[in-house]
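Trainee: The lines below spell out each chain.
Number of protein chains: 2
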Amino acid sequence: MNTKGAAFLRARRPEHKRQRYDAILAAARELATAESVNEVSLADIAERVGVHKSALLRYFETREEIFLRLAEAEWRDWADALVAALPEVAGEPERVADVLGASFADRPLFCQLLLHTPLTLERNVSIDVVRPFKLALAKAMEDVAAALQAALPALGPSGAVELAAVTGMVAAGAWQVANPPPVIVVLQEELAECQALTLPDLPDVVTRFARVYVAGLSGLSDTCR
Amino acid sequence: MNTKGAAFLRARRPEHKRQRYDAILAAARELATAESVNEVSLADIAERVGVHKSALLRYFETREEIFLRLAEAEWRDWADALVAALPEVAGEPERVADVLGASFADRPLFCQLLLHTPLTLERNVSIDVVRPFKLALAKAMEDVAAALQAALPALGPSGAVELAAVTGMVAAGAWQVANPPPVIVVLQEELAECQALTLPDLPDVVTRFARVYVAGLSGLSDTCR
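Chains as they are written, first to last, in our numbering: chain A, 1 to 225; chain B, 1 to 225.
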């Protein structure tokens, strides 16, 4: 039982409520980063914070809302990083691809949450909980698409959204392949056929992907093909 | 309660056991295709077959094994379709991309199961249940990579596996975007910001993706860039 949580068993004053809210999110983030999102239960988070499960539900509707709030923060952080980094590499397709690839590879929790959001998180919260998440996601995507287009004008508005979206899908899929459940780890050692299926490390896969896709987008508009 | 199921409440003879096994898989497939995999419970499948839940567990370890068996069949069916279709378009990168894109777009259940497999299915079965699935997946990937490389030798062995893998990841992600939970459908009508996030139809997204990626793979090896 964590002492920070034990310090006040029920938060009553606003600043204590805020501390408790942040402590819950921090605990969920630590657990999901150490293990994987689907292995983290409400009970695990409560134990980490040092309170009873029921206390968490005074702050969040469901376990899924906790992770949706983390996803909201990850989308914003991802967009801010790209908006800051892309101007440095403007006009250089390969370096833009590397910056985009790294923006996912540096955020393993984001890669996980990209899959959990449509599959489970959005399905277990009320519309009022998911609304601010969707608005944050839309704003992050808008900012990233604008930064990508400023860095590589040839992408055009739809190409920039497309590039960000498919790179995220591949980063999410590659994280799953790179972090298999225990039973698969055993099979990968047991079966030569499974070893052939393993991909390179996540950063290499995603950066390689972004480079190929950027080349493809420009390639399709090239006359030399 | 479905009459086929009602016809014999407990299957005892081998051919009846086989019929029951197949009826369970068929019911799970119908329900998952009509709704979405995560909305289909063991109870839903049992009701569709016309038996009690406990009867299903004489044939399958868990709900997840039922969907893992469907995934196994989908991987094989996907590979057989590509092995048959790719020779027709050999040497034509755009048509190869279209055939690959269509192989996912024509299989919405496959697109769903690609995400559920690492996230939930492989995590809720024994190693003996997942082993034949992994072997079937490895064989399907091997066959598809060989067919892609025969159609476009420039891909090389790693390029062929890479193309099939990332196209699958994008098809899986695009299916989720194209089939949001009810709460998201409401928000998409309510919020202009969400409308900007919707993608074109699944077949268009995946085929467009495959075309760009194939162009990128050849583009990277082109001297004209």
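Any given hint might turn out to be false.
When chains are identical, the list treats them as one kind, so a pair holds in a single copy or across two.
[To be verified] Derived pair list, reagent style DMTMM-like, types lysine to aspartate or glutamate, alpha-carbon separation capped at 20 Å:
(1) Lys139 / Glu189
(2) Lys53 / Glu142
(3) Lys17 / Glu189
(4) Lys139 / Glu190
(5) Lys17 / Asp201
(6) Lys17 / Glu190
(7) Lys139 / Glu193
(8) Lys53 / Asp204
(9) Lys139 / Glu61
(10) Lys17 / Glu88
(11) Lys139 / Glu35
(12) Lys53 / Glu88
Because the hints were derived from the structure by calculation, they are not lab data.
Trainee: Does each hint fit the structure? Answer for all of them.
Mentor: Comparing the hints with the structure gives:
no. : hint            : verdict
1   : Lys139 / Glu189 : between (43 Å within a copy, 17 Å between copies)
2   : Lys53 / Glu142  : neither (37 Å within a copy, 47 Å between copies)
3   : Lys17 / Glu189  : neither (48 Å within a copy, 34 Å between copies)
4   : Lys139 / Glu190 : between (46 Å within a copy, 16 Å between copies)
5   : Lys17 / Asp201  : neither (40 Å within a copy, 44 Å between copies)
6   : Lys17 / Glu190  : neither (50 Å within a copy, 32 Å between copies)
7   : Lys139 / Glu193 : between (43 Å within a copy, 8 Å between copies)
8   : Lys53 / Asp204  : neither (40 Å within a copy, 45 Å between copies)
9   : Lys139 / Glu61  : neither (24 Å within a copy, 44 Å between copies)
10  : Lys17 / Glu88   : neither (41 Å within a copy, 65 Å between copies)
11  : Lys139 / Glu35  : neither (29 Å within a copy, 30 Å between copies)
12  : Lys53 / Glu88   : neither (46 Å within a copy, 59 Å between copies)
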